[in-house]
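Each chain, written out:
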Amino acid sequence: MKITFSGYTHIVVALMLLLYSLYSRSLVGLSIALALILVFYYEYHVFFQTKNYIRNIIVERSVDKKICGELDKVKMILRIKNQGDKPIPRLIVLDTLPKFTSTRKKPVFTIALPPRCEAVAEYFFRVEAPGTHGFGELYMSITDPLGYFFEQYSYTANAYTVALPRTARTRVSVKSLQKIIGAYIAGKSLSGLYDLAGYREYQPGDDPRKILWKEYAKTGKLVVRLDYGESRAKTLLLVDIRNYLWYIGRSPNTLAHAQLRLARGILEYLAKTGSHIDMAVCCDVSPKLRIGVEKDVLEAIYDMSSLIKPGEGCQSPLSVYAEQAQYLGIDPMRYDLVVLVTNPLTLLLEGPDPLDKLLRVYAGKLFLIFPDYDYGSLIGRDEYKALLSRIAARIAGPGLGLEIPEIGVRINVERHR
Amino acid sequence: MNDLLIFITMLTVISIGIITEKYTGATEITPAIILGSVFAGIYLGLNPVYIALIAALIPGYKYVLLMTNKPYRASGGLKILWGSLSRYSAYIMLAIGLSLVLAGKRLEYIGAWESEMLYILIVFTALTATLDPRLGLFTWIGDKLKRDLSSIENGLIKLAYVLGLMLLLTTIWPSYNSAGLPGLLPYIASLVLRHKGQRVLSNIALALSMVLTIFFLP
Chain A
2 MKITFSGYTH IVVALMLLLY SLYSRSLVGL SIALALILVF YYEYHVFFQT KNYIRNIIVE
62 RSVDKKICGE LDKVKMILRI KNQGDKPIPR LIVLDTLPKF TSTRKKPVFT IALPPRCEAV
122 AEYFFRVEAP GTHGFGELYM SITDPLGYFF EQYSYTANAY TVALPRTART RVSVKSLQKI
182 IGAYIAGKSL SGLYDLAGYR EYQPGDDPRK ILWKEYAKTG KLVVRLDYGE SRAKTLLLVD
242 IRNYLWYIGR SPNTLAHAQL RLARGILEYL AKTGSHIDMA VCCDVSPKLR IGVEKDVLEA
302 IYDMSSLIKP GEGCQSPLSV YAEQAQYLGI DPMRYDLVVL VTNPLTLLLE GPDPLDKLLR
362 VYAGKLFLIF PDYDYGSLIG RDEYKALLSR IAARIAGPGL GLEIPEIGVR INVERHR
Chain B
22 MNDLLIFITM LTVISIGIIT EKYTGATEIT PAIILGSVFA GIYLGLNPVY IALIAALIPG
82 YKYVLLMTNK PYRASGGLKI LWGSLSRYSA YIMLAIGLSL VLAGKRLEYI GAWESEMLYI
142 LIVFTALTAT LDPRLGLFTW IGDKLKRDLS SIENGLIKLA YVLGLMLLLT TIWPSYNSAG
202 LPGLLPYIAS LVLRHKGQRV LSNIALALSM VLTIFFLP
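Protein sequence lines, in the order shown, are assigned to chains A and B. The numbering used here applies: residue 2 is where the first sequence begins, and numbers increase by one. The numbering used here applies: residue 22 is where the second sequence begins, and numbers increase by one.
Hints may contain errors.
Claimed, not checked - Facing chain B, a subset of chain A residues (Cβ under 8 Å, in silico): (1) Met17; (2) Ser27; (3) Pro90; (4) Phe110; (5) Thr111; (6) Ala120.
Hints are computed from structural coordinates only; laboratory data are not their basis. The beta-carbon is built from N, C-alpha and C at its ideal position, and this holds for glycine as well.
Throw the hints in and build the complete structure from the sequences for me.
And the structure:
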């Protein structure tokens, strides 16, 4: 049991008034002083009784959107039930928000709970990062009606929402990737020209003979035909997220945000090109692999997001992506292209060894993609240029290259109003 | 400086504190101002009635703030608060009765037999409040004796009321002064309300009767 400042003031003032009224022989003062002391006693009595009823209170938590977009507003619903036969005169419920969620006002609710009644408390929170946002602990303070005494209890009621990253604007092309997919992969036709399987948009490097000129005349879009038996690019997308990336820059434009938006953009882009895509995401110790994610891109994005916990990241070195393929018995050479979404800072901090290992395992297939971020201001412009040169030189021979696509990974946010 | 002026200044500052507390949720502001005001009031030798009124603001403003809290009202808090108000009023009556007993000497200055009557009346009415089953006195005694004392309790409450009314009527007629008159109407209202089963309102009316009677005491 704890006493609040109001309770302390009440009893001090009452006692002072009692003495002063006796000293000044004031009947009104004495009456009010005694009344205040009795009210204080009553509050204590009520609090002492009700604090034993806390076990009768249960809280159920739910959200109106289990899946939402990054920066969406989600409604949290708390159902607070009094299952006992005694009333709870005053209950203060304080919800705790996980990292990367925010509310306009602190989620604190003062309610009363008559016997066998339920109170519903609702508030909106904004999801400021992609990933799984789990809500659990909340605090309940049971007090007397005037709030002079209180006892705090913690309570666990679980609910979660998965926020999908925003799509990076891919209108500005990922030039190198387009070239690789178009020239090196889609060009590997194994079948004849006349077994039509489908269409897709033209990519630079595609065989011009496959362009459907009639379609171009009708719609103005360059479309190429896909033939049966034509090999589809087998791509492995590696999404690397480190815990410190969440603290570089300001939410919702931290480096982790940018990297995840880029990953989504690349995934959507690869799916659009008709590639076969496997995806590996590392968020704790080992990467989780998803096979054939091109069939349902949205589900793949959901899968990726559900694995990510905002504020947390991969605890293993980058080379874990190479080891994983070995452990799972996957032949790294089955892939035509291995895209690693990472950033120069991670490579700088990890040193050259993990990258070298990746380059050895995915020999001639590894392609690095970094989000367009202001790295220069973080490590110094000259340092950054030198770092990029070193990475480019290292990957030039055994890898396919690196790219910092001019994709809009930053978003402007209106603060809560 | 004039006592009333100091009192009004203090009230103004406290009001600003209450408004600030309402909109910022900083619960320490108003109690701190009240505590400071009481200290200052005693230091300046302010009339104890003013200090008492300022002191009474602590539970008063808390109560009003809670009553105006929408989620609290929506979750059924008003009924609970209403019940508390009944208790508070009963306690105020009890306090007045007790203070009269404690400050019995004060009555020597009144001297007249009507004043003795008033004294008895007030103590008796305080007793009525104490007998209120909501205060739990009789329930507690009943529990200890393992007897149902509700019929005795009800009988005593009725008796207290009738005696109180008789005393009040005696006080105002054929009296030299009409000290009992302001308290009479709320007292009768309290009686009627209790008869109708409105115990909460009855207790509030009774408290008002007590306060007015004390206030107009010669």
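Evaluated hints:
1. Annotation: A/Met17 was flagged as interfacial toward chain B, and the flag holds, the nearest CB pair being 6 Å apart, inside 8 Å.
2. Here the hint on A/Ser27 is kept, as its CB sits about 4 Å from the closest CB of chain B, short of 8 Å.
3. A hinted interface residue such as A/Pro90 counts as satisfied when its beta carbon comes closer than 8 Å to some beta carbon of chain B; here the least separation is about 5 Å, so the hint holds.
4. For A/Phe110, the interface hint holds, since its Cβ comes within 8 Å of a Cβ in chain B; the closest pair sits about 5 Å apart.
5. The closest approach between the C-beta of A/Thr111 and any C-beta of chain B is roughly 5 Å, which is under the 8 Å cut-off, so the hint is satisfied.
6. Because the smallest distance between the Cβ of A/Ala120 and any Cβ of chain B comes to about 4 Å, under 8 Å, the interface hint for this residue holds.
Violated hints: none; the structure is consistent with every hint.
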